[in-house]
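Make a model of the complete structure from these sequences and hints.
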Amino acid sequence: MGLKEVLTQLNNLKATGIIQDYAICGGYAAMFYDIPMATYDLDVLVVLPTENDYHRLYEYFRSQGAKIENVYIFIEDMPVQFLPNYISPLFNSAIEEANTVDFQSVSSKFVSIEYLIALYLTAFRKKDRVRVQNLLKKANKNLLVDIIRRFDNDEHKLYERYKRVLADA
Amino acid sequence: MTNTSYTKDTKGFWQTREKARSTLDKKRASASLTEKERILENLRADAAFLKSGRMVSAKS
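As you go down the protein sequences, you meet chains D and G in turn.
Residues 1 to 169 in our numbering are what the first sequence spells out, letter by letter.
Residues 1 to 60 in our numbering are what the second sequence spells out, letter by letter.
No lab work stands behind these hints: they were computed from the structure.
Every value quoted in this text rests on a predicted model; they were computed, and no experiment measured them.
Please note that a few of the clues may not be correct.
Said to hold, decoys possible - Using C-beta positions, here's what the derived DEER-type ranges look like:
| id | chain 1 | residue 1 | chain 2 | residue 2 | range |
| --- | --- | --- | --- | --- | --- |
| 1 | D | Ser105 | G | Thr16 | 29 to 37 Å |
| 2 | G | Lys11 | D | His55 | 17 to 25 Å |
| 3 | G | Ser5 | D | Glu5 | 32 to 40 Å |
| 4 | G | Lys11 | D | Lys137 | 43 to 51 Å |
| 5 | D | Tyr58 | G | Ser5 | 25 to 33 Å |
| 6 | G | Asp25 | D | Lys138 | 22 to 30 Å |
| 7 | G | Lys27 | D | Thr100 | 27 to 35 Å |
| 8 | G | Thr16 | D | Pro89 | 18 to 26 Å |
| 9 | G | Thr34 | D | Pro89 | 41 to 49 Å |
| 10 | D | Pro36 | G | Ala31 | 19 to 27 Å |
Ideal placement from N, C-alpha and C gives every residue a C-beta, glycine not left out.
Printed below as a string of structure tokens:
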């Protein structure tokens with residue numbers, strides 16, 4: 001049991017309408033883009049129209065007997081964190097513009113490198129800054145700046161943070 | 001997706017998540033050696049699985 005089974009379950013959630021869409025982000029997305037990462041949990045951006053739908057997602061897993069700890073739902077023993085699109089327009093676009101990836105008999109969606117960087121700039125912890133440095137080597141800078149400018153705001157100051165990371169490089 | 005109404009105050013959302021992540025990190029750090037080896041083995045298997053992926057549609 002592993003990631004393949006987790007992705008299959010995510011696809012089932014989409015097929016049954018429990019979620020409308022999803023895209024993998026966080027450490028597992030970074031690993032997909034060949035950035036070495038020690039990560040224990042799977043971050044998943046999900047399209048859910050309302051907060052009630054988000055609660056229903058937890059209710060669904062509860063009814064299936066899944067282990068739930070804090071915000072983590074354990075799927076196939078993997079702690080999965082669902083991040084709903086109604087939290088941020090950046091999440092929404094990251095899902096809409098995510099890349100489709102084919103694995104052995106299962107398909108999935110992963111946020112692009114540029115969106116992944118923008119998401120890390122939003123969190124901007126020390127480890128996120130290191131991840132951004134690594135991901136920048138593979139990113140389309142023009143596209144990245146376009147995303148940063150589109151979603152920049154007073155709360156996260158994405159462009160200012162981006163400039164700080166570049167200055168530290 | 002275009003009609004999404006976004007949460008105005010997300011501070012609580014992020015605080016809850018940061019706390020949960022920190023709890024999970026501490027739990028992993030205090031896991032037994034056997035458990036840590038199992039986690040590492042799973043991570044290696046997941047990394048190998050991810051390497052087998054082929055991008056079929058790139059939106060950006």
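Unmet hints by their number, sorted upward, for this structure: The structure breaks hints 4, 5; every other hint is satisfied.
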